[in-house]
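Number of protein chains: 2
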Amino acid sequence: MPITFPPPPQDKSELETGAAFTPRFDADGLVTAVVTDAKDGELLMVAHMNAEALALTIETGIAHYWSRSRRALWKKGETSGNLQTVEELRTDCDQDAVWLKVSVAGHDATCHTGRRSCFYRTVSVAPEGARLTITGAAPQFDPAEIYGKS
Amino acid sequence: MPITFPPPPQDKSELETGAAFTPRFDADGLVTAVVTDAKDGELLMVAHMNAEALALTIETGIAHYWSRSRRALWKKGETSGNLQTVEELRTDCDQDAVWLKVSVAGHDATCHTGRRSCFYRTVSVAPEGARLTITGAAPQFDPAEIYGKS
Numbered sequence: 001m002p003i004t005f006p007p008p009p010q011d012k013s014e015l016e017t018g019a020a021f022t023p024r025f026d027a028d029g030l031v032t033a034v035v036t037d038a039k040d041g042e043l044l045m046v047a048h049m050n051a052e053a054l055a056l057t058i059e060t061g062i063a064h065y066w067s068r069s070r071r072a073l074w075k076k077g078e079t080s081g082n083l084q085t086v087e088e089l090r091t092d093c094d095q096d097a098v099w100l101k102v103s104v105a106g107h108d109a110t111c112h113t114g115r116r117s118c119f120y121r122t123v124s125v126a127p128e129g130a131r132l133t134i135t136g137a138a139p140q141f142d143p144a145e146i147y148g149k150s
Numbered sequence: 001m002p003i004t005f006p007p008p009p010q011d012k013s014e015l016e017t018g019a020a021f022t023p024r025f026d027a028d029g030l031v032t033a034v035v036t037d038a039k040d041g042e043l044l045m046v047a048h049m050n051a052e053a054l055a056l057t058i059e060t061g062i063a064h065y066w067s068r069s070r071r072a073l074w075k076k077g078e079t080s081g082n083l084q085t086v087e088e089l090r091t092d093c094d095q096d097a098v099w100l101k102v103s104v105a106g107h108d109a110t111c112h113t114g115r116r117s118c119f120y121r122t123v124s125v126a127p128e129g130a131r132l133t134i135t136g137a138a139p140q141f142d143p144a145e146i147y148g149k150s
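Going down the list, the protein sequences come from chains A and B. When we follow the UniProt record's numbering, the leftmost residue of the first sequence carries the number 1, and every step to the right adds one. When we follow the UniProt record's numbering, the leftmost residue of the second sequence carries the number 1, and every step to the right adds one.
It should be emphasised that the hints constitute simulated quantities derived from the structure, not laboratory data. Computed from a predicted structure; not experimentally measured. For every residue, glycine included, the Cβ atom is placed at its ideal position computed from N, Cα and C. Certain hints may be false.
Unchecked claim - Per label pair, the in silico range of CB-to-CB distance: (1) B:S13 <-> A:A105: 37 to 45 Å; (2) A:V125 <-> B:R68: 36 to 44 Å; (3) B:P6 <-> A:G136: 18 to 26 Å.
Stated by the list, open to error - Stretch-level coverage of chain A by chain B, calculated; a stretch enters the list once three of its residues show a Cβ under 8 Å from a Cβ in chain B: (4) 24-37; (5) 78-91; (6) 126-137.
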């Protein structure tokens with residue numbers, strides 16, 4: 001039987017300290033999902049989940065998201081092989097975000113650019129404004145090869 | 001002169017690998033901000049920033065957010081003393097999220113419940129559905145004392 005989520009309680013203290021998981025989906029029906037690597041804590045990506053994606057993630061132990069750009073359920077890694085096994089799932093004080101600690105299969109890469117993490121650029125201040133510098137390791141797979149060129 | 005952000009480029013490869021910081025604010029004018037502790041990588045909170053909060057964060061080195069519930073600029077820690085000094089700021093591949101690695105002053109606590117992290121509960125599956133268990137350390141300050149009882 002699929003997991004369903006009860007509506008959030010009116011009582012703030014129940015929301016913040018209670019034992020019921022009552023995610024507060026936003027106007028688009030989504031919660032924010034923060035994904036870190038279970039082995040070293042590196043921030044890998046930020047994504048969104050609707051109730052179906054969240055239930056599937058809990059039921060299967062494999063991370064599912066809602067793709068806002070494609071407007072579709074998204075089993076992360078289905079094409080690339082870089083599936084995410086959820087080692088631990090947490091929620092925050094007001095239950096509008098979840099934190100997934102995952103083990104990444106395949107290339108051990110999460111970003112569609114082939115990099116391990118989507119957060120591969122640092123922001124710094126230059127005379128002309130805020131600038132980005134690429135940091136971290138090179139891509140671990142070739143997106144053109146994995147996803148096709150189209 | 002306050003930092004301003006140019007509009008995102010049409011070209012995806014420029015967005016993903018260029019040197020210009022062109023945050024993609026959503027329909028509400030916000031980007032997602034993930035906040036981790038610079039010293040050990042612990043996920044502390046997830047919040048949102050509008051252009052003003054992001055510019056102030058970059059200019060001052062102290063984290064500022066946009067409070068969606070209060071609909072106001074929010075200098076995190078202004079009341080509690082738990083200010084966040086930004087040690088590193090990153091953005092993700094499509095520039096709709098930022099990652100702040102911070103040092104927390106005051107009680108070394110980020111959550112308004114007094115805990116170090118907002119993510120103090122794990123999700124598990126029980127016969128009656130998804131349940132929460134409080135994990136991690138006890139609160140590091142008393143919210144009633146810091147914020148008042150009202």
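Consistency of the hints with the structure:
As the Cβ distance of S13 (chain B) to A105 (chain A) is approximately 27 Å, the hint placing it in 37 to 45 Å is violated. Between V125 (chain A) and R68 (chain B), the C-beta spacing of about 27 Å breaks the proposed range 36 to 44 Å. Separation of P6 (chain B) from G136 (chain A) is about 24 Å and conforms to the stated range, judged on CB atoms against 18 to 26 Å. Residues of the region 24-37 of chain A lying with their CB closer than 8 Å to a CB of chain B number 3, which satisfies the three-residue condition for coverage.
Against chain B, the region 78-91 of chain A contributes 4 residues with a C-beta closer than 8 Å to a partner C-beta. That satisfies the three-residue criterion, and the hint holds. Three residues within the 8 Å Cβ limit are the bar, and the region 126-137 of chain A against chain B gives 7, so the coverage statement holds.
Figure legend: structure checked against the earlier numbered hints; hints not met, in rising order: 1, 2.
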